[in-house]
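Student: Sequence:
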Amino acid sequence: MRRLGFLLVLGLFMVFLLAGCNANPSQQEPVNNDKNQNNAVNNVLPESTMDRQQLLADLTGDGKEEIILGPPSSLPPEVLNEKLGGPLTVYSADGQVLLDKEKGAISVVGTYHVGAEHPVLIVVLWGGGSMGMYYGAYLYDADKGQLKQLEWDNYEFAVGELVDDKPGSLVIWNRGLNPEGGYKPFYQRWIYKNGQITSVEKWAAQ
Numbered sequence: 016m017r018r019l020g021f022l023l024v025l026g027l028f029m030v031f032l033l034a035g036c037n038a039n040p041s042q043q044e045p046v047n048n049d050k051n052q053n054n055a056v057n058n059v060l061p062e063s064t065m066d067r068q069q070l071l072a073d074l075t076g077d078g079k080e081e082i083i084l085g086p087p088s089s090l091p092p093e094v095l096n097e098k099l100g101g102p103l104t105v106y107s108a109d110g111q112v113l114l115d116k117e118k119g120a121i122s123v124v125g126t127y128h129v130g131a132e133h134p135v136l137i138v139v140l141w142g143g144g145s146m147g148m149y150y151g152a153y154l155y156d157a158d159k160g161q162l163k164q165l166e167w168d169n170y171e172f173a174v175g176e177l178v179d180d181k182p183g184s185l186v187i188w189n190r191g192l193n194p195e196g197g198y199k200p201f202y203q204r205w206i207y208k209n210g211q212i213t214s215v216e217k218w219a220a221q
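With my numbering applied, the sequence shown has no gaps in its numbers, which climb one by one up to 221 at the end.
To be clear, the hints were calculated from the coordinates, so they are not data collected in a lab.
Bear in mind the structure is a predicted one, so any value in this text is a computation, not a measurement.
Warning: the hint list may mix true and false statements.
Unchecked claim - Here are the computed distance ranges between Cβ atoms for each label pair:
id	residue 1	residue 2	range
1	Q211	P102	20 to 26 Å
2	G78	K199	43 to 49 Å
3	G196	P102	34 to 40 Å
4	D66	Y198	34 to 40 Å
Where is the CB? At the ideal position from N, CA and C, for every residue including glycine.
Model the full assembly from the supplied sequences, consistent with the hints where possible.
Tutor: The structure is reproduced here in structure tokens:
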């Protein structure tokens with residue numbers, strides 16, 4: 016009789032356990048999805064890219080972080096001497112290439128909200144100003160599924176320093192090199208407008 020009672024209790028316990036496992040499948044799915052997403056991200060990067068600057072940021076507004084790969088932290092002397100710059104690549108979380116620039120990049124600065132639908136990726140590029148460098152801005156184009164470089168009249172601050180990113184804009188300090196000689200430092204505020212990065216304010220630095 017005791018054995019029958021034990022088997023009955025054991026049977027009820029197993030039924031309760033199985034019912035509990037199937038009752039809340041939705042609570043298990045996010046954990047599995049997160050694990051699968053992490054595995055996908057880890058599998059995106061080839062081993063040859065591991066020495067490059069890396070940054071994770073949501074550039075597309077889908078809630079998933081894209082993988083931003085800048086040039087190597089230390090560019091080879093021949094690259095610096097010839098002003099070629101290094102590669103700049105952006106992958107989506109599932110491994111799609113959103114930007115593939117073979118050369119021309121010096122470093123990744125970061126992502127900034129400047130009034131566009133998505134954050135803008137700011138990088139330092141070769142090719143302008145008295146120091147041969149300038150800032151470049153890239154924005155996600157949902158129609159093409161790619162990052163596109165924005166027009167940015169940025170010759171003035173080729174040797175400037177990005178000092179803040181107040182909501183909806185960014186500010187750059189520039190040493191203000193005068194053609195006649197000497198310097199007259201200034202700040203300049205920029206926003207995204209009409210498909211490009213536009214200056215909206217400029218004032219002298221104290």
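Student: Taking each numbered hint in turn, which are not upheld by the structure, reported in ascending numerical order?
Tutor: Every hint satisfied by this model.
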